[in-house]
Structure formats: structure tokens, C-alpha cells
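Colleague: What follows is the residue order along each chain.
2 protein chains.
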Amino acid sequence: MQRQGYDGTGIKQISKEAGATLGSVYHFFPGGKQELAVEAIRHGDREFAEFLTRMLAGADDPAEAIEACARTLGQDLRRSDWVDGCPVTATALGTATRAPEIQHAAAEAFARWRGLVDAKLRAAGFAHADARDLAHTVISTLEGAELAAQVSQSETPLRLAGTHLARLIRLYRKATP
Amino acid sequence: MQRQGYDGTGIKQISKEAGATLGSVYHFFPGGKQELAVEAIRHGDREFAEFLTRMLAGADDPAEAIEACARTLGQDLRRSDWVDGCPVTATALGTATRAPEIQHAAAEAFARWRGLVDAKLRAAGFAHADARDLAHTVISTLEGAELAAQVSQSETPLRLAGTHLARLIRLYRKATP
DNA sequence: GTCTATACCCCGATAGAC
DNA sequence: GTCTATCGGGGTATAGAC
Chain E
1 MQRQGYDGTG
11 IKQISKEAGA
21 TLGSVYHFFP
31 GGKQELAVEA
41 IRHGDREFAE
51 FLTRMLAGAD
61 DPAEAIEACA
71 RTLGQDLRRS
81 DWVDGCPVTA
91 TALGTATRAP
101 EIQHAAAEAF
111 ARWRGLVDAK
121 LRAAGFAHAD
131 ARDLAHTVIS
141 TLEGAELAAQ
151 VSQSETPLRL
161 AGTHLARLIR
171 LYRKATP
Chain F
1 MQRQGYDGTG
11 IKQISKEAGA
21 TLGSVYHFFP
31 GGKQELAVEA
41 IRHGDREFAE
51 FLTRMLAGAD
61 DPAEAIEACA
71 RTLGQDLRRS
81 DWVDGCPVTA
91 TALGTATRAP
101 EIQHAAAEAF
111 ARWRGLVDAK
121 LRAAGFAHAD
131 ARDLAHTVIS
141 TLEGAELAAQ
151 VSQSETPLRL
161 AGTHLARLIR
171 LYRKATP
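Residue numbers (my numbering), protein chains in the order written: chain E, 1 to 177; chain F, 1 to 177.
Note that these hints are calculated values from the structure, not bench results.
Check the hints yourself; a few may be wrong.
Unchecked claim - So, partial list: chain E residues that the calculated Cβ filter (under 7 Å) puts toward chain F:
(1) G32
(2) Q34
(3) G94
(4) D133
(5) T141
Using N, Cα and C, we set each Cβ at its ideal position, and we do this for glycine too.
Required output: the full structure, derived from the provided sequences and hints.
Modeller: Structure follows, in C-alpha cells:
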């Protein structure tokens with residue numbers, strides 16, 4: 001679903017690639033495709049949260065850590081031949097009206113990631129309001145740059161997003177000490 | 001397709017809502033669903049390009065114009081009940097592997113929008129390299145914030161994106177005069 | 001150019017043997 | 001719990017009358 005989206009991915013395809021039978025899938029996911037999608041998003045949520053935690057722990061300076069994060073995302077995306085984008089976006093996009101539970105799971109993922117950045121910024125001494133606001137834009141920008149990188153098959157959007165986010169963060173550190 | 005994505009939107013649904021018969025659709029779009037999707041993306045491309053042109057012309061200061069742009073995007077998104085997001089993203093996402101032409105049209109749209117921001121920044125006296133790089137991040141951030149706003153059903157990501165992009169742009173104006 | 005009918009296929013979901 | 005068979009419906013696309 002990360003690659004093909006909710007509607008583009010069939011349960012039969014999933015069961016085949018997983019080496020399970022169709023009956024097994026419906027045994028463990030009685031809620032059908034919707035439940036499967038929610039679990040897929042939660043899985044992607046945890047996955048990216050772990051990645052983000054690792055990257056944020058990689059440098060004391062939050063600006064430096066975020067910039068490294070963006071670069072790594074670009075490298076990983078290229079390695080996947082521009083196919084493995086955000087594990088939440090593709091699944092959630094387009095299902096908003098039909099399946100609120102899916103959208104809710106996606107919102108939770110975004111909120112968790114934001115929380116991780118927020119905590120890092122506060123730990124580095126940023127004002128709470130600044131940290132909260134900056135965390136929003138850091139996630140938004142990473143998300144958008146990942147999208148742009150995927151569409152244009154280039155690491156450039158993510159590289160520049162890293163550079164600019166770092167400058168923005170440093171600007172706020174100086175602005176409200 | 002803007003709302004439901006490529007796979008979530010049926011040609012029968014399109015023909016019904018358009019008041020046309022299925023035969024007519026295939027008469028004017030012999031390339032079938034793929035051709036329809038490419039034209040839909042080109043349409044969204046022009047639509048947003050006109051919106052962006054209008055917003056950029058609304059203020060001499062690029063930072064101010066971009067901030068107003070983000071706010072307006074948020075208001076429009078709320079007015080649509082968080083349904084009408086970027087007219088390109090939903091259609092293009094998930095079709096990368098199967099339909100390169102769709103992805104190519106999406107890449108062209110992003111490039112055109114970037115070009116508009118780039119031109120505005122250069123016209124305001126920014127160094128060419130700075131303008132080019134900033135245009136990348138402006139589009140990425142607006143795109144990601146629109147996504148985040150849609151998922152969380154809140155204007156906050158777009159409002160903050162506007163604020164932060166404005167500060168970033170002003171920083172560069174001062175940095176390299 | 002416009003319309004209806006239909007071919008052909010795969011979808012999600014379920015039934016029921018084992 | 002695991003598997004196969006199948007249901008009902010909708011998908012894209014086409015054929016061919018008008």
C-alpha cells in the first residue's frame with residue numbers, strides 16, 4: 001500500500017506476496033481491507049518513528065540532526081528506485097471520505113512524529129511555543145520534500161529541505177533564547 | 001481523481017458525473033484512463049499555476065505573498081471539508097511504476113510552480129542560486145503542509161508553513177544581498 | 001459523434017470442507 | 001486455523017447500431 005495506495009493494492013496480491021492464503025488474511029483481519037490498511041499505517045508509523053528517533057539522537061544540535069535526516073531520506077528513496085515514499089501518505093490519501101479510521105491513523109502518525117521533533121527541540125533549549133510550531137513545519141517540509149523527490153526522481157528537494165530547515169531552526173534559536 | 005486518487009476513481013463514475021456516456025469518454029480520450037489522468041493533472045497544473053500567479057502578484061514582498069498563499073490554501077481546504085487537496089498529488093501517487101506518463105506530468109507541474117516562485121524571488125532581487133533553492137523548498141513545504149492539513153483536518157500546518165517560509169525567505173534576503 | 005450492450009477480468013468478501 | 005471454491009459486483013475497454 002505504501003507503493004500502490006489503498007485502492008491500487010488488492011488483498012489477493014497481499015496474500016500472495018505474503019505467502020498466506022486469502023482465508024488466513026480474513027481470519028487475522030476480520031475487518032477486511034480497512035483493518036489491514038489501518039494496521040499498515042500503524043506499522044509505517046512505528047517504522048518512521050524509530051528512524052526519526054535514531055536520526056535525532058545522532059547529533060546534539062537539532063538543526064544538524066534534521067538536516068542529516070533529510071539527506072538520509074533522499075538516499076533511501078533513491079535506493080528504492082523512487083518507489084518507497086512515506087509509508088502513510090499513499091495509503092491514507094484518497095480514503096478520507098470513505099474510511100475515517102484510516103485517516104485517523106494517519107493523523108496519529110503525523111502527530112507522533114511531530115512530538116518527537118518537538119521533544120528534541122525542547123531538550124535543546126528552545127522555547128516551548130517555538131518548538132511546537134517548528135515541529136509542525138519540520139514534518140510538513142520533510143513530507144512535501146519526500147513527495148517532490150519521488151515525483152521528480154531527484155534527491156534535490158530533500159537535500160534543500162534539510163539545508164533550509166537547519167537554517168530556520170538556527171534562526172529561531174537565536175531569535176528567542 | 002483529486003479526491004479519490006487514480007485507482008479509486010472509475011471511468012464510469014467520471015462519465016456519469018460529467019453527464020456524458022461511456023462511449024463519448026472513450027471517443028475523446030482514446031488512450032483510456034491513463035490519458036484521462038494525464039489531462040486531469042495538466043488541468044490541475046494550470047489551475048494551481050494561475051492561483052499561484054495571482055497570489056504572488058498580490059504583494060511586492062515575496063515573503064508576504066507566500067505567507068498569504070499558505071493561509072488562503074488553508075481556508076480553501078477547510079471550505080472543501082478537507083477534501084480538495086493538491087490536484088496533482090492524489091492522482092500521481094501510487095502510479096509511479098505502472099504509468100510513467102502520469103508521473104512525468106506531475107513532475108512538470110511541480111517544476112512549473114517552482115519556476116513561478118523562482119521568478120518572483122529573482123524579480124525581488126534575490127541571488128539566482130538562492131531563488132532557485134528557495135523555490136524548491138517553498139513548493140515542497142506548501143505541498144507537505146497541505147497534506148498535513150488535510151490529514152489532521154486543521155489549518156495549522158499551512159498557517160505555520162506560511163509563517164516559517166516567510167521568515168526563511170527574509171533570512172536569505174538579508175544573508176546574500 | 002452518441003449511445004447501449006457486452007466481453008472479459010479482477011475486486012472484496014464469504015462459505016464450508018478439512 | 002488453513003485452505004479452495006465461489007458469489008455478486010464493479011472495473012476497463014470495445015463493438016457496433018444509430
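Colleague: Each hint: holds or not?
Modeller: Right, here's what the structure says about each hint:
Residue-level restraint check for G32(E) is violated (minimum Cβ-Cβ distance to chain F is 16 Å; threshold 7 Å). Because the closest C-beta pair between Q34(E) and chain F is about 14 Å apart, greater than 7 Å, the hint is violated. Here the hint on G94(E) is kept, as its CB sits about 3 Å from the closest CB of chain F, short of 7 Å. A hinted interface residue such as D133(E) counts as satisfied when its beta carbon comes closer than 7 Å to some beta carbon of chain F; here the least separation is about 5 Å, so the hint holds.
Because the smallest distance between the Cβ of T141(E) and any Cβ of chain F comes to about 4 Å, under 7 Å, the interface hint for this residue holds.
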